[in-house]
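Heads up: the protein sequence lines correspond to chains A and B, in order. Under the numbering used here, the first sequence has 31 at position 31, and the numbering climbs by one with no breaks. Offset between the second sequence (1-based) and the numbering used here: plus 118.
It is possible that some hints are incorrect.
Stated by the list, open to error - Label-pair distances were calculated between CB atoms; the ranges are:
#1 H212/B - M1/A: 15 to 25 Å
#2 M1/A - D196/B: 28 to 38 Å
#3 E157/B - A43/A: 38 to 48 Å
#4 T44/A - I120/B: 16 to 26 Å
#5 T125/B - S51/A: 16 to 26 Å
#6 E62/A - D196/B: 11 to 21 Å
#7 P116/A - N214/B: 39 to 49 Å
#8 H212/B - D4/A: 19 to 29 Å
#9 D122/B - I2/A: 45 to 55 Å
#10 L42/A - R170/B: 24 to 34 Å
These aren't lab readings, by the way, just hints derived from the structure by calculation. Values in this document were obtained by computation on a predicted structure and should not be read as measured data. C-beta: ideal position from N, C-alpha, C; glycine also.
2 protein chains.
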Amino acid sequence: MIFDPATLRYTAEGLIPAIAQDTGGAVLMMAWMTRETVEETLATGQVTYWSRSRQAIWRKGESSGHVQTLIEMRVDCDRDCLLMIVDQAGPACHTNRRSCFYTAIRDGAEVELMAPEA
Amino acid sequence: MIFDPATLRYTAEGLIPAIAQDTGGAVLMMAWMTRETVEETLATGQVTYWSRSRQAIWRKGESSGHVQTLIEMRVDCDRDCLLMIVDQAGPACHTNRRSCFYTAIRDGAEVELMAPEA
Numbered sequence: 001m002i003f004d005p006a007t008l009r010y011t012a013e014g015l016i017p018a019i020a021q022d023t024g025g026a027v028l029m030m031a032w033m034t035r036e037t038v039e040e041t042l043a044t045g046q047v048t049y050w051s052r053s054r055q056a057i058w059r060k061g062e063s064s065g066h067v068q069t070l071i072e073m074r075v076d077c078d079r080d081c082l083l084m085i086v087d088q089a090g091p092a093c094h095t096n097r098r099s100c101f102y103t104a105i106r107d108g109a110e111v112e113l114m115a116p117e118a
Numbered sequence: 119m120i121f122d123p124a125t126l127r128y129t130a131e132g133l134i135p136a137i138a139q140d141t142g143g144a145v146l147m148m149a150w151m152t153r154e155t156v157e158e159t160l161a162t163g164q165v166t167y168w169s170r171s172r173q174a175i176w177r178k179g180e181s182s183g184h185v186q187t188l189i190e191m192r193v194d195c196d197r198d199c200l201l202m203i204v205d206q207a208g209p210a211c212h213t214n215r216r217s218c219f220y221t222a223i224r225d226g227a228e229v230e231l232m233a234p235e236a
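The shape of chain A in the complex, shown without the other chains (with noise of 0.2 Å):
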């Protein structure tokens, strides 16, 4: 069946959740799309984002060359949620480290994973 991103379900925003994972296996961060860059993902083969807070498209690495090379794009059951298979140029987190999710809750408290890259 052909893909028709119009299918896939948005938010009222046109937004959906956005996973990445890398080939290692490591989930690196999640951010949101529109259909808009959905769409330039798979054409590209650039993973681009929609950043909620600048309201604008966000081409990841684009700036900081961090870039997501897509590997493959994955869509869920309900059609409301991409998870996205990624080759990652260095560190995926704006705080530089590996992944965004560095901090683990261990016996109620939180606990660093990682530190920034060099």
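Position chain B relative to chain A; hints supplied.
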């Protein structure tokens, strides 16, 4: 630092997205939690979501037996998304597939990656 679920950033509806990943690295699903279900998940060790369609607490696997036992909860840099590392009993998806992300987009077409489990 003590973890306080009240410090997470919830939507206007009081929700936070939660990604479930199994211990083998597979991303299983994305659903939503409330502050109350974050607390219940940590207290019980069984992953509990908020069902937006039913507007009710959703104790994953309560009727199907396909429970998610929490191995570790992680918080992202913006404190507006959670990652649950889980031990998944049976399939995570309501279609009886291991993961909800069973559809890949390849060359513009939808390709089914996994079949329902018996």
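Here's how the hints hold up against the structure:
{"no.": "1", "hint": "H212/B - M1/A: 15 to 25 Å", "in the structure": "holds (20 Å)"}
{"no.": "2", "hint": "M1/A - D196/B: 28 to 38 Å", "in the structure": "holds (35 Å)"}
{"no.": "3", "hint": "E157/B - A43/A: 38 to 48 Å", "in the structure": "holds (43 Å)"}
{"no.": "4", "hint": "T44/A - I120/B: 16 to 26 Å", "in the structure": "violated (44 Å)"}
{"no.": "5", "hint": "T125/B - S51/A: 16 to 26 Å", "in the structure": "holds (23 Å)"}
{"no.": "6", "hint": "E62/A - D196/B: 11 to 21 Å", "in the structure": "holds (19 Å)"}
{"no.": "7", "hint": "P116/A - N214/B: 39 to 49 Å", "in the structure": "holds (42 Å)"}
{"no.": "8", "hint": "H212/B - D4/A: 19 to 29 Å", "in the structure": "holds (23 Å)"}
{"no.": "9", "hint": "D122/B - I2/A: 45 to 55 Å", "in the structure": "holds (47 Å)"}
{"no.": "10", "hint": "L42/A - R170/B: 24 to 34 Å", "in the structure": "holds (27 Å)"}
The earlier numbered hint that this structure contradicts is number 4, and it is the only one.
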